[in-house]
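Chemist: Residue-level listing of the chains:
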Amino acid sequence: MSALNEQPLLSAQLISKNYGERVGCQEISFDIHEGEVIAIVGESGSGKSTLLSVLSTQLMPSAGAVHYSMRDGERRDLFSLSEAERRFLLRTDWGFVHQDARLGLRMGVSAGGNVGERLMAVGWRNYGAIRKEAGDWLDRVEIAGDRIDDMPTAFSGGMRQRLQIAKNMVTRPRLIFMDEPTGGLDVSVQARLLDLIRSFVTTYGLAAIVVTHDLAVARLLSHRTIVMRHGRVIETGLTDQVLDDPQEAYTQLLVSSIIQA
Amino acid sequence: MTATPKYNFAYLDEQTKRMIRRALLKAVAIPGYQVPFASREMPMPYGWGTGGVQVTASVIGKDDVLKVIDQGADDTTNAVSIRKFFEKTAGVETTTETGKASIIQTRHRIPETELTEGQILVYQVPIPEPLRFLEPREVETRRMHALEDYGLMHVKLYEDISRHGHIATTYAYPVKVDDRYVMDPSPTPKFDNPKMNNSPALQLFGAGREKRIYALPPYTKVISLDFEDHPFEATKFSHPCELCGARDSYLDEVITDDKGGRMFVCSDTDYCEKRLAAGHLGNSGATEAAE
Numbered sequence: 001m002s003a004l005n006e007q008p009l010l011s012a013q014l015i016s017k018n019y020g021e022r023v024g025c026q027e028i029s030f031d032i033h034e035g036e037v038i039a040i041v042g043e044s045g046s047g048k049s050t051l052l053s054v055l056s057t058q059l060m061p062s063a064g065a066v067h068y069s070m071r072d073g074e075r076r077d078l079f080s081l082s083e084a085e086r087r088f089l090l091r092t093d094w095g096f097v098h099q100d101a102r103l104g105l106r107m108g109v110s111a112g113g114n115v116g117e118r119l120m121a122v123g124w125r126n127y128g129a130i131r132k133e134a135g136d137w138l139d140r141v142e143i144a145g146d147r148i149d150d151m152p153t154a155f156s157g158g159m160r161q162r163l164q165i166a167k168n169m170v171t172r173p174r175l176i177f178m179d180e181p182t183g184g185l186d187v188s189v190q191a192r193l194l195d196l197i198r199s200f201v202t203t204y205g206l207a208a209i210v211v212t213h214d215l216a217v218a219r220l221l222s223h224r225t226i227v228m229r230h231g232r233v234i235e236t237g238l239t240d241q242v243l244d245d246p247q248e249a250y251t252q253l254l255v256s257s258i259i260q261a
Numbered sequence: 001m002t003a004t005p006k007y008n009f010a011y012l013d014e015q016t017k018r019m020i021r022r023a024l025l026k027a028v029a030i031p032g033y034q035v036p037f038a039s040r041e042m043p044m045p046y047g048w049g050t051g052g053v054q055v056t057a058s059v060i061g062k063d064d065v066l067k068v069i070d071q072g073a074d075d076t077t078n079a080v081s082i083r084k085f086f087e088k089t090a091g092v093e094t095t096t097e098t099g100k101a102s103i104i105q106t107r108h109r110i111p112e113t114e115l116t117e118g119q120i121l122v123y124q125v126p127i128p129e130p131l132r133f134l135e136p137r138e139v140e141t142r143r144m145h146a147l148e149d150y151g152l153m154h155v156k157l158y159e160d161i162s163r164h165g166h167i168a169t170t171y172a173y174p175v176k177v178d179d180r181y182v183m184d185p186s187p188t189p190k191f192d193n194p195k196m197n198n199s200p201a202l203q204l205f206g207a208g209r210e211k212r213i214y215a216l217p218p219y220t221k222v223i224s225l226d227f228e229d230h231p232f233e234a235t236k237f238s239h240p241c242e243l244c245g246a247r248d249s250y251l252d253e254v255i256t257d258d259k260g261g262r263m264f265v266c267s268d269t270d271y272c273e274k275r276l277a278a279g280h281l282g283n284s285g286a287t288e289a290a291e
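Residue numbers (my numbering), protein chains in the order written: chain C, 1 to 261; chain D, 1 to 291.
What the hints contain is simulated information worked out from the structure, not anything from laboratory work. Wrong hints could be hidden among the right ones.
[Unchecked claim] In the DSBU-like style, the derived pairs of lysine-lysine whose C-alpha atoms are separated by at most 35 angstroms in a straight line are:
id, chain 1, residue 1, chain 2, residue 2
1, D, 190, C, 132
2, D, 62, D, 221
3, D, 6, D, 236
4, D, 221, D, 190
5, D, 221, D, 274
6, D, 259, D, 274
7, D, 211, D, 221
8, D, 190, D, 88
9, D, 274, D, 100
10, D, 156, C, 132
11, C, 132, D, 62
12, D, 259, D, 236
13, C, 132, D, 88
14, C, 132, D, 221
[To be verified] Every beta carbon over 10 angstroms from chain D, so not counted as near; a handful from chain C, in silico:
id, residue
15, 126
16, 140
17, 149
[Said to hold, decoys possible] Beta-carbon label-pair distances, calculated as ranges:
id, chain 1, residue 1, chain 2, residue 2, range
18, C, 22, D, 178, 46 to 54 angstroms
19, D, 236, C, 172, 36 to 44 angstroms
20, D, 179, C, 213, 44 to 52 angstroms
21, C, 172, D, 147, 20 to 28 angstroms
22, C, 157, D, 257, 26 to 34 angstroms
23, D, 133, C, 187, 14 to 22 angstroms
Ideal placement from N, C-alpha and C gives every residue a C-beta, glycine not left out.
My request is simple: use the sequences and hints to build the entire structure.
Modeler: Structure (structure tokens):
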């Protein structure tokens, strides 16, 4: 990974987020480079989703800063961007895959319209071209071409999730945030989805921050893993290292509590 | 019997008119931008043009000549009741002739006769927000307007084409005003959209229930949204008006019996009558003359 020598794509410095007295996450710092996948694992309430919301600028942190290398190479503090710039970033250079596809998709708009929305938002005005591009991306996420005019409500859970990924990928983002992307899917569908995400990461040099409570997802997808508990990072390192040789008692507990099939 | 109650001129009190005029000035200054205003309770139900009536009441003067149309017609319920309302409360002269009117209040049509400088066209608007059916949150739609984030509007047109093969929106067809704001031209047929562009008349839009006012100053650029490969097309009719033979006007379908009989006639009654008076005849007119 030559990218590691260059400056990080996104760099978080001492991020804290408090909800009044309650702590969301505390003093979290890490870097992510282009083409790298980081998994954030931990039990419910450990601050994973809060962290993801802060990183993707949906929440303002109580303290700390997040720097991002824009496409033009300039490093910007995400929280000094104007709202218009943040929105533009979110729908071009970034993607966000929600656990609940209904949050990420427009359920009343056809699959093609969902994928095409980002293109139209960045100024595409040729119906034929938009439709072709949407069709290409549906094909890449293994959704049959004749489903392009179907509503997401007519799709299965796995298909919705793949549609959500196509919708995000269409503007060729460099960084994608995923919040429990495989949550609520059955195992075979999960495997297929993980395969797809893995192939996108290698094909398009995509970087991803994946929040999950499923260690198997972390192992399959990520290069590095961050373990969180009570809003703090308690262990971080290469995924294999963290999962095969956990140092912290809590991580050991987490790893040992996986049921071996 | 008590005496007839005395209304202030044009029903609204002067402070309310000032408030509405301020909103109107702001609306004219920012073409296509929806200005919130403190809409008043009017002596008619929402949906009957309370927004348009408040705008008209605020701009009308004693010397104005008022015309009110409902789907192009001067003689249907909504038009008649609003005309009577202003006859009673403002005592202004009313007319059915487009050319003679200085203020025209309309529910969903623009007269066929070209408007001129100095005329004001007041629209009654039910839902001012063009993005409403795509994005239900008001906070979000306002933000989208502020940031000129209009990709969603094209999603609607995309859906039309993917479902029907062409843009099937025929009324309330979204427009972009002065290269900035996307605006709902109220539920006028898209046939009338080209007339909004660069019109010499001042166009004011009032939405009473939704409490919004917006405007197009004279000679404003108004472009209907479309795709490069599916350009905007105004509705075209395959036949002329059966009464006056006009081929350039918007037609209403009128059911004539319970055996499926129907005819197509001008929706703009004033325009149709003028043409008849000038000796133009359509099919039914010609057959009647032959009998």
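Chemist: Determine for every hint whether it applies to the structure shown.
Modeler: Each hint, compared with the structure:
no., hint, in the structure
1, D:190 <-> C:132, "28 angstroms, holds"
2, D:62 <-> D:221, "31 angstroms, holds"
3, D:6 <-> D:236, "48 angstroms, violated"
4, D:221 <-> D:190, "16 angstroms, holds"
5, D:221 <-> D:274, "30 angstroms, holds"
6, D:259 <-> D:274, "31 angstroms, holds"
7, D:211 <-> D:221, "25 angstroms, holds"
8, D:190 <-> D:88, "34 angstroms, holds"
9, D:274 <-> D:100, "13 angstroms, holds"
10, D:156 <-> C:132, "17 angstroms, holds"
11, C:132 <-> D:62, "60 angstroms, violated"
12, D:259 <-> D:236, "26 angstroms, holds"
13, C:132 <-> D:88, "60 angstroms, violated"
14, C:132 <-> D:221, "32 angstroms, holds"
15, 126, "5 angstroms, violated"
16, 140, "19 angstroms, holds"
17, 149, "5 angstroms, violated"
18, C:22 <-> D:178: 46 to 54 angstroms, "48 angstroms, holds"
19, D:236 <-> C:172: 36 to 44 angstroms, "41 angstroms, holds"
20, D:179 <-> C:213: 44 to 52 angstroms, "49 angstroms, holds"
21, C:172 <-> D:147: 20 to 28 angstroms, "22 angstroms, holds"
22, C:157 <-> D:257: 26 to 34 angstroms, "55 angstroms, violated"
23, D:133 <-> C:187: 14 to 22 angstroms, "39 angstroms, violated"
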